[in-house]
Amino acid sequence: MNVINVHGREISRVMEGVQFAVVPLGSVEYHGPHSPLGTDIILAKGFGERIDPALGPLVYPTVPFTSCPGKTQHYSGTVSVRPSVFIDYLSDIVEGICQLGIRNIVLLNAHDANMGPSRTVAESVTGKYRDASFLLINWWQMATIQFTEQMGIFQGTAGRGHGGPYEMSAVKAFCPELVSVQESDLELDSCPPLSSLPYVLVEGTPQGWDGYTGRIQQTSLEAGQLIVDEAAQNMNKLIKKWLEMRNGTNGEEDQHGIS
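Numbering of the sequence shown is given in this note's numbering, commencing with residue 2 and proceeding in unit increments.
The set of hints was computed from the structure by calculation and includes no laboratory data.
Keep in mind that a hint or two might mislead.
Claimed, not checked - Here are the computed lysine to any residue pairs in the SDA-like style, where the Cα-Cα straight-line distance is at most 25 Å:
id: 1; residue 1: Lys72; residue 2: Ala159
id: 2; residue 1: Lys72; residue 2: Thr206
id: 3; residue 1: Lys72; residue 2: Gln142
id: 4; residue 1: Lys241; residue 2: Val126
id: 5; residue 1: Lys238; residue 2: Met2
id: 6; residue 1: Lys242; residue 2: Ala55
id: 7; residue 1: Lys238; residue 2: Gly57
Construct the entire structure; sequences and hints are all you get.
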């Protein structure tokens, strides 16, 4: 259920069926000449709408403005707020949800730069509400690189990267008319990995970068539909396991039809 449709007199009744709140997190950010500025808003909202209603979600409006990295701040159309402002803003949102009595909150993220601030907020608020639990979901991690390779979705590339074919194919699955790759659009290969181990590299101007990266000519609706279906299925499995853990059930019975 979407919270904006709940009447004041219905709050108590609606709350009886709510198991968790969902706060989608987006951005207004340049993603290349072929992509909408609201790419992350479209994805966050779209995946929020793909959450299985049987799980008992209460979905909140997508947060549109956030902090954007230095590598996109100077591109036309990007709107970036200070990280401290975003942290305070998101803290107030989730504390308002906790005050309603909800203690399970999914932060459904579609913007890479939201990961750090979101965790900061979750760590802080759980110090105040000790019975609260936050599940931070980055939609792009819900479909593995191995999945796209097995399905043969992209050729010679994993497709990942800001504004790349993985992300923009997913946008096409939700809003096909808003992604427009032209033959003249450049294909840009990012820097190869420095290590097979996890690391963080932050640069103002990365290699293979012009406000986006990737072999964008491989963007397609068909790829997007496969990616979104896989990511949504895995997202719902994850949420279901989390709720089972929170409710103290063993998950042997699949009451919600998700296996």
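Would you check the hint for Lys72 and Thr206, treating anything up to 25 Å between C-alpha atoms as holding? Holds - the C-alpha atoms of Thr206 and Lys72 are around 6 Å apart, at most 25 Å.
Restraint check for Lys72 with Gln142, where alpha carbons must lie at most 25 Å apart: With a Cα-Cα distance of about 22 Å, the restraint between Lys72 and Gln142 holds, given a limit of 25 Å.
Distance restraint between Lys72 and Ala159, which requires alpha-carbon spacing of 25 Å or less: holds (21 Å)
Against the 25 Å threshold, does the CA-CA distance of Lys241 and Val126 hold or violate the hint? Judged against 25 Å, a Cα distance of about 23 Å means the pair holds.
Next pair to validate is Lys238 with Met2; report whether the Cα-Cα distance is within 25 Å. holds (19 Å)
Run the distance test for Lys238 versus Gly57: straight-line Cα separation, threshold 25 Å. Holds: Lys238 and Gly57 sit about 14 Å apart, inside 25 Å.
Check the hint pairing Lys242 with Ala55 against an upper bound of 25 Å on the C-alpha distance. Given that 25 Å is the threshold and the Cα spacing comes to 14 Å, the pair holds.
Figure legend: structure checked against the earlier numbered hints; every hint is met.
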